[in-house]
Amino acid sequence: MTSRVRKPSAAIAQDVPQIQPAPGGQRREYWIQAETVKWQITPLRKDEWHNHPLSSRNTYTAYIYRHMTPGFAAPIGQPNIPGPTLYAEVGDVIVAHFRNADTKLRQAVTMHPHGVRYNPEYDGAYMGKYTRAGGFVAPGEEFTYFWECIPGAVGAWPYHDHGPNHTLNTSRGLFGAIVVSERGAKVPDVSYTLMLHQLTPPITGLNRAFQCINGRAFAGNTPTLKAKVGQDVALHVFGMDSNFHDFHMHGHRWRDTGGAPTDTTTVGPSETMTARFTEDNPGRWLYHCHVFSHQDEGMTGWYDVEA
Amino acid sequence: MTSRVRKPSAAIAQDVPQIQPAPGGQRREYWIQAETVKWQITPLRKDEWHNHPLSSRNTYTAYIYRHMTPGFAAPIGQPNIPGPTLYAEVGDVIVAHFRNADTKLRQAVTMHPHGVRYNPEYDGAYMGKYTRAGGFVAPGEEFTYFWECIPGAVGAWPYHDHGPNHTLNTSRGLFGAIVVSERGAKVPDVSYTLMLHQLTPPITGLNRAFQCINGRAFAGNTPTLKAKVGQDVALHVFGMDSNFHDFHMHGHRWRDTGGAPTDTTTVGPSETMTARFTEDNPGRWLYHCHVFSHQDEGMTGWYDVEA
Amino acid sequence: MTSRVRKPSAAIAQDVPQIQPAPGGQRREYWIQAETVKWQITPLRKDEWHNHPLSSRNTYTAYIYRHMTPGFAAPIGQPNIPGPTLYAEVGDVIVAHFRNADTKLRQAVTMHPHGVRYNPEYDGAYMGKYTRAGGFVAPGEEFTYFWECIPGAVGAWPYHDHGPNHTLNTSRGLFGAIVVSERGAKVPDVSYTLMLHQLTPPITGLNRAFQCINGRAFAGNTPTLKAKVGQDVALHVFGMDSNFHDFHMHGHRWRDTGGAPTDTTTVGPSETMTARFTEDNPGRWLYHCHVFSHQDEGMTGWYDVEA
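Residue numbers (the working numbering), protein chains in the order written: chain A, 263 to 569; chain B, 263 to 569; chain C, 263 to 569.
You may find that some hints are simply not true.
Identical copies carry no separate label here, and so any pair may be met within one copy or between two of them.
[As the list claims (entries may be wrong)] Under the rule of at most 30 angstroms between Cα atoms (straight-line distance), these lysine-lysine pairs were calculated in the BS3-like manner:
id, residue 1, residue 2
1, K490, K391
2, K300, K490
3, K269, K488
4, K391, K488
5, K366, K490
6, K308, K391
7, K269, K308
8, K300, K448
9, K366, K391
10, K448, K366
If you are wondering where the hints come from, they were derived from the structure by calculation, not from laboratory data. Values in this document were obtained by computation on a predicted structure and should not be read as measured data.
Starting from the given sequences, assemble the full structure and let the hints guide the process.
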């Protein structure tokens, strides 16, 4: 199956290096395939915040990263937006075996990671005649990316399509998260990745826009986060469209990178912020983008804290 | 008087806890009522910066937080946008006695604070069937909020309506500021709160949009800030609409939360930044949002520094 | 030649002070004139990233800051967007001799600097009847600005027009950069200033909008950055329009002002961010604004790193 854009000759699979972990580091191996699925934006057909019914017309053809067992043998869990979160520590190499399993849309796609280090072959970026091996994975093709978790890569980062039509295909749902920790760092008790992005009529074929979190819109449909008092909580929040968002959580606060307390943090496109706090406030809380017009179009959710 | 949205049964006043200050802390008591007033956006009918006349059609029905004497006995000062700034130190509890005194708009409204800690009852957020006591204050009703100034709450924060139509009513003017300091911290010699927000035709019924600071547009109408050389100045700047703004002051600079010098700082919706500096530059200065299209619609003002 | 706006009487050249450098500091003298030039936005007529042809209709009348030899005797180099970068160290005074050499547009223009300290006369801001000497430089006139590089001015800052029509004339191209370093600080081996701004049909008379870097749009037309492995690289990135942008560089990362690793940083209008890193990753890389809709309109470029 060919894609709508011709494969640049420079992108034809060359010998590409196998990157090894740093001493003491690990290979973190993932099998991920791009596929299209029917995706419901508001499966509840209700906005629980305002207790309003929502239209039953809420399904579109999403293009997603699907988490697979080794060798792409079988899917792990249900299709999801975002794709699997790739966890690693400093010194590790993330080995992302990628397969473009969709043949209907005729799109060459890729995985382009933020934050981690990589050779040009593993950039996952279409670049016209300068495209390298991993920058054009045509329908039916596979490619393996090697991403190095150097010390400067600590943090939460997005990965997303960067093929020849990456604005289109990232908007359709081709994105996920990478979380790199210091070696041996304490793992938070509770960790969530929240991707903020819009789904517009040209993408969905629906008659309205949605401001989404993880492919879903309006509280009850978006992730209902859960934690218990005393737990160490990490919320990784990503901008995944052309908008600027700002994430607000009721009843809680965290520190910005300069150490100042905040409860509302701006994230631009493909920027990340992590809210890390020890849970101390039981109850049901709203979280939402504080851009009022985005809240009103669905960028809201629940956070339930058990005493 | 009933509101246009029905009161959720969970919001009917339960027994709610009286929160006490931490040892050595104080109760900071405020009486605040929501009311509608006729508000002039450009009382001078002139843009002093460009020396242009402005239309006399500049009045709209604002919905504001009015500062009252104890027991809501009488107003303190003139109606204002923003509402009163609530000052406290770490260890204090802000006790906000709130009354919804408007009966014409038929809106249930609230006070939702940022930054401070609060029990779910004092979140001031409408949440459909999950709404708690303080999340729906119908016309004519009262509610008392208790907000705890924990150590992580140091900073400047907005409060605003978070009732069932909070986008609408916050846009009409229902917002104010909270400033929490370390206990015993030096109070700045000069302190201003500047709320950046737009007033659009659907809100005002006027035939043009205004980019406002504290409900006013264009230099001469917006606050003319004043200070003297040698004074310790704090400017608390808040985003209070769906836009991203960035605040610029001529002839001055401050430090971002990471310690880097800046003279232009982005604030997203309900984000805050504080410019703190020792005044050293006498003269008349412009301050403005550096989004050019916002300056052009009025988000500008004067700062007069005496030698 | 008079300008379209009348010169405020307060702006008529008074005796203005000559500002001296701090002990041990220098006068950094620049001669700069505002002039109009025919400017090609996409001189290659090609988008090298996507290997697409671009329309030959890509020229507009830019209003630019031209770098001149002493006494405005002759231009230095070709006309450029942005204007010359003004370099200085703490303790220095930048002496900017400015001449408004355009007589066709009938615009009074100025140089307004960010970051540095200046007396009101050297603010370069039109302020209606409060305008000072340097705030209105009519066609054919000259003015000399003195800008003090105090310790708090370390960083990269824009300068731009702030005359009576500064939104218009800044949009036409009247902007440049100031870089202030600690005294005796190591100079980066490679340093670039990248100004992110849009050129719209009302400014250009063309039939489409461009999202530009330094007056150019689409990779191959925008600056192709160059460095070698081991070099100390500084990229100074500026927002120069009414949009918020976020700058992403493939294959690299830097620290935000709080010390957190990032590879995508938001810049608001007239905000700056500096990405500083030791080059360690040879190859051809994309850099771009990560607002997808800005990438698609040209805010992209190449970075070539030699091994």
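Which holds for K300 with K448 at a C-alpha limit of 30 angstroms: within a copy, between copies, both or neither?
neither (37 angstroms within a copy, 56 angstroms between copies)
Up to 30 angstroms CA-CA - K391 versus K490, copy category:
between (53 angstroms within a copy, 22 angstroms between copies)
Reference check for the pair K300 and K490, CA-CA at most 30 angstroms: within, between, both, or neither?
Answer is neither: 34 angstroms inside a copy and 47 angstroms across each miss the 30 angstroms cutoff.
Regarding K366 and K490, is the shortest C-alpha distance of 30 angstroms or less found within a copy, between copies, in both, or in neither?
neither (44 angstroms within a copy, 43 angstroms between copies)
Identical-chain pair category, K308 with K391, by Cα at 30 angstroms:
Result: close only across copies, 13 angstroms inter versus 48 angstroms intra.
When Cα atoms must be at most 30 angstroms apart, do K391 and K488 count as within-copy, between-copy, both, or neither?
between (48 angstroms within a copy, 19 angstroms between copies)
As a check of your reading, is K269 near K488 (CA-CA no more than 30 angstroms) within one copy, between copies, both or neither?
between (45 angstroms within a copy, 27 angstroms between copies)
Reference check for the pair K366 and K391, CA-CA at most 30 angstroms: within, between, both, or neither?
within (25 angstroms within a copy, 43 angstroms between copies)
If the cutoff is 30 angstroms on CA atoms, where do K448 and K366 land: within, between, both or neither? Let me know, please.
neither (43 angstroms within a copy, 55 angstroms between copies)
Could you figure out if K269 and K308 sit no more than 30 angstroms apart (CA to CA) within one copy, between two copies, both or neither?
Close across copies (19 angstroms), not inside one copy (44 angstroms); limit 30 angstroms.
Hint check: violations occur at hints 2, 5, 8, 10; the rest are consistent with the structure.
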